[in-house]
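Residues per chain are reported as follows:
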Amino acid sequence: MSKRHRHLEFEINLIPAIDLLSVCICFLLLTAVWLHVGALNVKQAVGGQPASETAKKPTVWAQINGVGDVQIDVRDSRVSAKLAKAKIEGKNGKPDLEALASFAGALKAAEPELTTVLIQPQAATLYEDIIDLMDSFKKQGLIDLGVSPL
Amino acid sequence: MLSTSIVKMSSFTSIIGGVSVIRPNGEKKTRNINAELLLTALIDAFSILVIFLLMSFSSTGELLMMGKDMELPKASADVLERNPVVKLEAGLLFLEDKPVTADGLVQALLDLRKNFQETRPGEEFPAILTVQADRRAKYEQLSGIVQASAHAGFSDIKFAVVIK
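Chains H and F, in that order, give the protein sequences.
Heads up: the first sequence at position 85 corresponds to 85 in our numbering, and the numbers run straight through without jumps.
Counting from 1 along the second sequence, just add 150 to a position and that's the residue number in our numbering.
Simulated from the structure, these hints should not be mistaken for laboratory data.
Bear in mind the structure is a predicted one, so any value in this text is a computation, not a measurement.
You can take every hint at face value.
DSS-like mimics (lysine-lysine), calculated; alpha carbons at most 27 Å apart, straight line: (1) H:Lys139 to H:Lys91; (2) H:Lys94 to F:Lys224; (3) H:Lys57 to H:Lys138; (4) F:Lys224 to F:Lys288; (5) F:Lys288 to H:Lys94; (6) H:Lys94 to H:Lys43; (7) F:Lys314 to H:Lys139; (8) H:Lys94 to F:Lys314; (9) H:Lys43 to H:Lys108; (10) F:Lys314 to H:Lys138; (11) F:Lys224 to H:Lys91; (12) H:Lys91 to F:Lys288; (13) F:Lys224 to F:Lys248; (14) F:Lys224 to H:Lys87; (15) H:Lys138 to F:Lys224; (16) H:Lys108 to H:Lys57; (17) H:Lys139 to F:Lys288; (18) F:Lys224 to H:Lys43; (19) H:Lys57 to H:Lys82; (20) H:Lys138 to H:Lys56; (21) F:Lys248 to F:Lys264; (22) H:Lys108 to F:Lys224; (23) H:Lys43 to F:Lys248; (24) H:Lys138 to H:Lys43; (25) H:Lys87 to F:Lys288; (26) H:Lys57 to H:Lys139.
Partial list, computed: chain H residues near chain F (C-beta under 7 Å): (27) Ala39; (28) Leu40; (29) Asn41; (30) Pro121; (31) Pro149.
Beta carbons are placed, not taken as given, at the ideal position from N, Cα and C, and that holds for glycine.
Using the sequences provided together with the hints, build the complete structure.
Here you go:
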């Protein structure tokens, strides 16, 4: 019986792998999107249904001014008076997002059905502050957002 | 002096295995022609690049064209879809990259709706509008867009943001 010797040294041809990776890199570099843009949804009331016929549900009205102060007024809700009306003062001309998040969390815990927020900005309010405000409400589960025109 | 100098006989070995020899005395050069390229490191680098680029790949592509001075606000947001875009740039309004006046925006949006119904009869108009504006814009400039979209029957507004 003759012993079979196996040749253990082998070489993989890496050239096709390099070709494939080079083509992939070129394609991905050409089609790459470096800035990921998303959308923050806002619903608007369209139509002429009278207010008396609209089913009343708890709504947060949030007024924001040009220096980031937010005045909150919760309507058609059974939350305590302390939560129903509050003013969250801005920090360095911007809304205090941490305070807003904790307040919105407390509101949501007190009234789980609460999902609607109507934001009332003023003429001098920055677009960025409105978006920050909407984002902090949305993170706390208040997902039906609206913005009122001036 | 040259005989004791370092350049009398210097050899450089490259990573590809070839050897270059400097001999100031004018002796014959010998060069190793067999060069082996170490490809494993190259494949590693390429693989990392491909993974990184695949992670930043977006099948939707660029939906919004942005000027160099425009900065979108940041928020955790949903995926942006292709809808009519109203852009506010340097105080000017653009609907689908065509300039419009604040007063003419309602009519332009109504025309858009009419065109859709003419070209796609029987299909429901989506009534969604994407708003693209700089983060430093004041609401007095944006309020007109919100008002015009409500008048033209666009019930959903999507504010374009950079995903946090």
